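Same order as they appear, the protein sequences are chains E and D.
Each residue of the first sequence is one higher than the last, beginning at 1 in the UniProt record's numbering.
Each residue of the second sequence is one higher than the last, beginning at 1 in the UniProt record's numbering.
Note that these hints are calculated values from the structure, not bench results.
Mixed in with the good hints there might be a few duds.
Some, not all, of what chain E presents toward chain D, calculated at C-beta under 8 angstroms [unchecked claim]:
| # | residue |
| --- | --- |
| 1 | Gly7 |
| 2 | Val181 |
| 3 | Leu188 |
| 4 | Ser191 |
| 5 | Asp243 |
| 6 | Ser273 |
Here are some chain D residues the structure puts well away from chain E; computed CB gaps all over 10 angstroms [to be verified]:
| # | residue |
| --- | --- |
| 7 | Asp21 |
| 8 | Gly136 |
| 9 | Leu183 |
| 10 | Gly252 |
| 11 | Arg258 |
The structure presented is a predicted model; accordingly, all values stated were derived computationally and were not measured.
Where a beta carbon is used, it is the ideal one built from N, C-alpha and C, also for glycine.
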Amino acid sequence: MSQMRTGLLLFSPLLLVLVGAFVIPLILLAPTSFQEYQPGAGIAAGSFTLENYIRIVADDYYREVVVRTLGLGVAVTLACLLLGYPVAYLIVRGNPRWRLALTLLVIFPLMLNLVVRSFGWIVLLTNRGVVNNLLIDLGVIETPLKLMFNLTGVMIGLTHIYLPFMVLMLVAALQNVPRDVESAAATLGSSRLHVFRAVTLPLTAPGIIAGSILVFVLTISALVTPRMLGGPTYQVMATLIYDEYMQLLDWPSGSALSFSLALVTILIIWMSSRMTKRWAGLA
Amino acid sequence: MSNLSLDHVVKRYGDLTVVKDVSLGIKEGEFVSLLGPSGCGKTTILRMVAGLIEPSGGAIRIASTDVTRLPPNKRNIGLVFQSYALFPHMTVFENVAFGLRRKGESGTTLDGRVNEALAMVRLPGYGERYPRQLSGGQQQRVAMARAIAPRPSVLLFDEPLSNLDAKLRDEMQIELKRLQRELGITTLFVTHDQGEALSLSDRVCVMNDGIIQQFAAPEDVYRRPATAFVASFIGKPNRLKATVRGGRLTLGEGLDLRTDSALGADGSATDVFIRQEAINLTPTGADDANRIPGTIALRSFSGPQVQYVIRIAGGHELVVEAASSGTASHLEHGQPVTLEVRPQDVLVLGESVRS
């Protein structure tokens, strides 16, 4: 009993902040999402409608944004995983002298402001940016490639920004794989590739899942980078919510979108935590 | 023809030489222990045989084939780790089947071989469990089954029993010996536990500081240690300073010791080793024994044994072990006693080397 009370006491400052600044405003928004918005007049008093939610699935434009957001989440997660695993492996298993330098290299971008990093990509990816100029000067292409205001630009930016999270999760997972277990597989006749496939990869699965959830959830809720690299026309859910609230002043629709996004996030976290439990149980 | 042989094997890490020119031949079916304190290079040797560490020089041969440059998966060995190193994400069955699958076994042959291996380590019917559902001793048995199932030409053990508690360790020792006898697989066993090494092995290789000190049968290592290190490492020896005077060994004025060991030049200082368990505290004994008068300085009871610290002339102190059921189990502090040591138990190993 007293242990529970101590736990509650330790937890209470964070709990107060979360309840006061996050849960209560969120609950206050819930009724708004079921109200009717009349252009020019604002929220219709006393109205009740499911239209705001139905539209997200039924309307072509909204549906496209939702599918695009989830697709982007999957693509960025996979890209981070494929780019991050070799780096994490090198950090953990490579020459110990390189470990610190490599880790710093991974963490360093986190020390820069998100806006600065996104601007950096604009400088690189824009029509007269560094990449296009270089390719044109080298004679590889004649007209500039469209690298911004589309999936390519947003994906490059987000992958770069969330890669460190994935790498750090994978480093932790790889450090937990006992070397003896890998050696045991080798003495039993496994080639290096087979050791990786049969032992290392399954044993790092919990880290892979955790890193993937993190990157996926961060990606589908990202606002700044998609806005800067996607521009005003290439919308994802977060930018759309922002526009509904701030540009169109359509609070009911914005709220409904917010709740849908939150629901997807919670669903993903719940599903993957179940998966992790199953894997962790075995590991 | 040796089944496993090391030929002038050297391992250097930078300026540090961990294994210094070790040559060792192990016969087909023989059980050999590498015994030594931690850092003596024994585990390095084992890992070089397994192919997990590459030697800096020399050659390793398994069944007359030079395997020095071969990766571990091409050596046909079985290695049992101190940490068990089971695959946590696989069932016991899959753990044991791992090596067999790598050799292309499948179907009923595979099932049969796995079950046979599990029966050998007395864990039949445990196939469906996961390692985390087993006790430490059971996990170590699975690790053994996994190592023997593919019928390796050499079995390697890296301190496999040191994570188990004392009682279980004794059981597993017997189990291990029985298993090795049944299978007749050449075995290299690394340990820092002399009891383990002496009771399990056909021959014991005592190592210190990257060098083989003695490679002989357990009884020889115990009774006829080749170097001062072996004498001080095996058993519980008393180490005394003595001088050779007139062809006799003397601890001080009027305290001569007869010994079967060869003595150095007259007047030379030498170390004498007498094991605690070789000293007789009862008044009767063989007539040719050395008799040393002394007094009890300290008594300590440890269950089956009583340890005494006995002060003798010349300021020497000896530790003596007596059975707690024997007649010498109730000697009091300050009581005068006579120590008896047979000449063959007075070990003289070269001149005094250390201060």
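Violated hints, by number in ascending order, as checked against the structure: The structure conflicts with hints 1, 5, 6, although it agrees with all the remaining ones.
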